[in-house]
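Participant: Here is how the chains run, residue by residue.
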Amino acid sequence: MQRQLSVKHLLGIKNLTAEDIELIFETAEEFKDVINRPIKKVPSLRDITIANVFFENSTRTKLSFELAEKRLSADVINFSSSGSSVKKGETLLDTVNNILAMKVDMVVMRHSSPGAPHFLSRHIEANIVNAGDGTHEHPTQALLDTFSIREKLGDIAGKKVVIVGDILHSRVALSNIFALQKMGAEVMVCGPITLLPKYISSLGVKVELDVRKALAWCDVANVLRIQLERQQIKYFPSLREYSLYYGINKKMLDGLDKEITVLHPGPINRGVELSSDVADSDQAIILDQVENGVAIRMAVLYLLASVSS
Amino acid sequence: MQRRLLLGQPQLAITIGRLCQELIENHDNFENSVILGLQPRGIFFAERIEARLREFIGKEIQIGHLDATFHRDDFRRRELPKRANETKIDFLIEDKRVILIDDVFYTGRSVRAALDAMTTFGRPEKVELLVLVERKYSRHVPIKPDYVGHHVNTIDTQKVLVEWEEQGLDDDNIWLINKED
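Those sequence lines, one after another, are chains A and B. Position 16 of the first sequence, counting from 1, maps to 658 under the numbering used here, and the rest follow consecutively. Position 42 of the second sequence, counting from 1, maps to 115 under the numbering used here, and the rest follow consecutively.
Simulated from the structure, these hints should not be mistaken for lab results. Where is the CB? At the ideal position from N, CA and C, for every residue including glycine. Among the hints, a few may not be true.
[As the list claims (entries may be wrong)] Mimicking DSSO-like on lysine-lysine, the simulated pairs with C-alpha atoms at most 30 Å apart in a straight line are: (1) Lys161(B) / Lys682(A); (2) Lys704(A) / Lys155(B); (3) Lys155(B) / Lys656(A); (4) Lys155(B) / Lys674(A); (5) Lys199(B) / Lys683(A); (6) Lys155(B) / Lys794(A); (7) Lys674(A) / Lys712(A); (8) Lys155(B) / Lys712(A); (9) Lys682(A) / Lys155(B); (10) Lys683(A) / Lys161(B); (11) Lys199(B) / Lys682(A); (12) Lys824(A) / Lys155(B); (13) Lys682(A) / Lys217(B); (14) Lys199(B) / Lys674(A); (15) Lys217(B) / Lys683(A); (16) Lys683(A) / Lys745(A); (17) Lys155(B) / Lys745(A); (18) Lys674(A) / Lys161(B).
[To be verified] In silico negatives: residues of chain B with every beta carbon more than 10 Å from chain A: (19) Leu78; (20) Glu104; (21) Phe129; (22) Asp163; (23) Arg170; (24) Gln231.
[Claimed, not checked] Some but not every residue of chain A turned toward chain B, in silico, with C-beta under 8 Å: (25) Gln646; (26) Val649; (27) Thr669.
Here chain B stands alone, though its shape is the one from the complex (with noise of 0.2 Å):
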């Protein structure tokens, strides 16, 4: 299969550290701001963020985990159905300002059932989205990140695979995949 490395180790901390800094820049003391890490994959990088963030202002920020399986609308459209996974949000989020984290932005459905699924914790005061990857032109609904990692083009036969530590692996690697090898 050929692959090609976007973000290794290094690179992944530097931009983790960057995107903070813009967090910071928006959120001042994160007095009423909340991360949610979309699931499967967006949590690893939601905890990393948070990690880094409470390195930098010296404070943890409540962080909750947001499934969307049941929210999205390509059930009984897909070959195989997604699995559900755990939501695990233990505060309200009603007048937060959410921020929106995962790991790849593609279609933008995901995000899209995200947001559909987050209205049932309530009415947040503002919602950011985060993204490590943001495939360009490849956009299926009128949503777009606040904050991205990393810009790619890439077209339909190609994927992004993110490789997280968290998942029992050596190291963190994004890699931009083809699809048909």
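For reference, chain A alone in the conformation it holds in the complex (with noise of 0.2 Å):
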């Protein structure tokens, strides 16, 4: 029985084993429990000091870091770039060299520039965790992904789910497919041609243009937000157009011989991508992904300080 994750760092799902996910949803189970206690911490971290670097705008991936850190009892730093002496000059190592001096030992990092983590993981000491580099990866988001989807539907191996939207800049698509396919499911990704890298169909997934189709074969489908701040260039004519083609709304779902589980990582565009009466529907499960994205973290900063001693 594993005890202990096989990695220092976090820094994709692609150099994680199934055991470790496995490991990972386990003890998020655990702390999905403690989160929902009276008393919703525990001293775990209680001498670990953690830094959250963040060189690129979050929001929900922030507050669930810094929650999930301070319900282990960590001491934690909040740093973003905007303000910050990386507008001065300041290179990435120099500035978390900076940080660390001020002995954090462990960094979660997200930054625009795919690889930034893995190149810090060469250069400190300290765990880190990537939390988005880039249009690369963002490990903890698809493990949440994975975890709800388990939940729901008390297994992976086997189902069937379709990643639905802007496939070529989305790190979660990425470390979607990695994290499903690592435990047994079929991927399927679907979007307009142009969002499609054109390396896709070599990573062993499923290529769709018709997102009715992809939905009648499916029991899952994670709908990803169109990335317009990463487009720089028109891949589409229009949200209108992208919206007509391939936003996913209540009678579509209804159309279809079975019910399907909704996922979203969030912010969501309501519709552009999802109608409302989706969001708001019992078979989306998109308010459990952030709850048990509190739980994923909390499991991952556990598992990781345990790896460092």
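Put the complex together from the two separate chains, hints included.
Facilitator: Okay, here's the thing in structure tokens:
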């Protein structure tokens, strides 16, 4: 029975084994129990300081990590690049080394450049948790998505999951593909051809351009946001047209011969990728994902902290 | 591996019976008493105690499972972290008389962590500790059990191994093992 992660840093799902993911899930189940008690805090990380270093905007991921850290009794410092010395020309390594000189044990980092946490992991001693690196990976989001699917459907193995939307710019998509495949699910991606990366089928996923066919195939749909902030050129004529072809509404779901589960990593653009009647329906487990996010992040921090000893 | 049997099936049944009689002396009809078994193996012993008490007094006593993994003081100090187990307490322990049950009492640190973990479920009126085996002269903290099934003198290189049928074994057995062998 595995008791420790095989990695010192959580840089991406690609580096994890299925046993690692299983260990994170089992630990997260216990933490989910903890955060639903009258006293939601445990003293496990009371001698650990964690720096949340965010070089890119984030609301829920940052809140979720900070809450997870506080529930574990860690000391927390927050850094965001806006208004910091990064604007004055400091390098990533210098910034982080300055933070580490203040005796920080773990770094949770979000960065707009793919590979930034991997680069950092080669140069510093502290444990690193990737909270999203550009269009590359967002491992804790994939873990909480997969955990939420398992919670709802009982198992991941053999389930059919479609990821709908902007796959090209999505770190959530890539991490989800790795996590779902490692846990034995079948994965399909669906979106406009311009938003599907060329190499995507080499990852062993099915590709579908018609969202109706994709929904008819799947047990679970993970619907992504159109990341306009990452799109330097136009990939489709208009949001209205995207919504007409790829937006998912209740009528489409009701027309299926089964009830599928809908996930969304947030923030939702209501009326674009998901209509409100879907987002607020019982089929959507969007708020469960948010709750599970805290438990998953607690599990990741707890397990990584124990690796460093 | 050199091992000595401390308690086998027949002695264990007698010991559990005696511990239950001691509990009955102090808890009357158990109206305000609850049992908490400490994960991982204390839960099997707690369930045995509860089952035997039920035979004696003819009614069920509330029983829960408590896991203290996240409250341990040796996190990051052990070679391998302890794996967390399920905490299952479907009742409030506020103002209850709690009988905390574990299989082996050694340094007292697990019980200290359990007392800490328990406070997240309320403030009990009183907490008592019942253990199957107490290893003497090995305490790290000032905690002492109220009910003891079996005392044993041990040294650090020895280990008490408790085997329960519930773990898929043929028999209940409590062994004293020399770890160096």
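Participant: Taking the hints in turn, state whether each one holds.
Facilitator: Hints, one by one, checked against the model:
Distance check on the hinted pair: lysine 161(B) and lysine 682(A) sit about 15 Å apart at the alpha-carbon level, within 30 Å; holds. For the given pair, lysine 704(A) sits about 28 Å from lysine 155(B) by alpha-carbon distance, which is consistent with the 30 Å threshold. Simply put, lysine 155(B) and lysine 656(A) have alpha-carbon atoms about 26 Å apart, close enough for the 30 Å limit, and the pair holds. A C-alpha spacing of about 18 Å is found between lysine 155(B) and lysine 674(A), which places the hinted pair at or below 30 Å, so the restraint holds.
With a C-alpha separation of about 23 Å, the suggested pairing of lysine 199(B) with lysine 683(A) holds against the 30 Å cut-off. Between lysine 155(B) and lysine 794(A) the alpha-carbon distance is near 28 Å, which keeps this suggested pair within the 30 Å criterion. Taking the CA atoms of lysine 674(A) and lysine 712(A), the gap is near 14 Å; set against the 30 Å cutoff, the hint holds. Using a Cα cut-off of 30 Å, the hinted pair lysine 155(B) and lysine 712(A) holds, with the two alpha carbons roughly 21 Å apart.
The straight-line distance between the Cα atoms of lysine 682(A) and lysine 155(B) is roughly 20 Å, inside the 30 Å bound, and the hint therefore holds. Our distance criterion of 30 Å between C-alpha atoms is met by lysine 683(A) and lysine 161(B), whose separation comes to about 17 Å. Distance check on the hinted pair: lysine 199(B) and lysine 682(A) sit about 23 Å apart at the alpha-carbon level, within 30 Å; holds. Using a Cα cut-off of 30 Å, the hinted pair lysine 824(A) and lysine 155(B) holds, with the two alpha carbons roughly 25 Å apart.
Taken as a hint, the lysine 682(A) and lysine 217(B) pair is honoured in the structure, with Cα atoms around 29 Å apart against an allowance of 30 Å. This hinted pair checks out: lysine 199(B) and lysine 674(A) have alpha carbons roughly 28 Å apart, not beyond 30 Å. About 27 Å separates the Cα atoms of lysine 217(B) and lysine 683(A), which keeps this hinted pair within 30 Å; it holds. At roughly 23 Å between alpha-carbon atoms, lysine 683(A) and lysine 745(A) fall within 30 Å of each other, so this suggested pair holds.
Taking the CA atoms of lysine 155(B) and lysine 745(A), the gap is about 26 Å. The hint holds against a cut of 30 Å. With a CA separation close to 13 Å, the supplied pair lysine 674(A) and lysine 161(B) stays within the 30 Å bound. No beta-carbon of chain A comes within 10 Å of the beta-carbon of leucine 78(B); the shortest separation is about 27 Å. No Cβ of chain A comes within 10 Å of the Cβ of glutamate 104(B); the nearest lies about 24 Å off, and the non-interface call holds.
The claim that phenylalanine 129(B) is not at the interface with chain A holds, since no C-beta of that chain comes within 10 Å of its own (minimum 32 Å). Even its closest Cβ contact with chain A, about 12 Å, leaves aspartate 163(B) beyond 10 Å, as expected for a residue assigned away from the interface. The Cβ of arginine 170(B) sits about 20 Å from the closest Cβ of chain A, beyond the 10 Å cut-off, so the non-interface label holds. Taking the minimum C-beta to C-beta distance to chain A, about 24 Å, the non-interface status of glutamine 231(B) holds against the 10 Å cut.
Taking 8 Å as the C-beta cut-off, the interface hint given for glutamine 646(A) holds, the closest approach to chain B being about 6 Å. Among the interface hints, the one on valine 649(A) is violated; its C-beta lies about 15 Å from the nearest C-beta in chain B, farther than the 8 Å criterion. Hint on threonine 669(A) holds. Least Cβ distance to chain B is approximately 6 Å, under the 8 Å limit.
Comparing the model with each earlier hint shows a violation of hint 26 alone; every other hint is respected.
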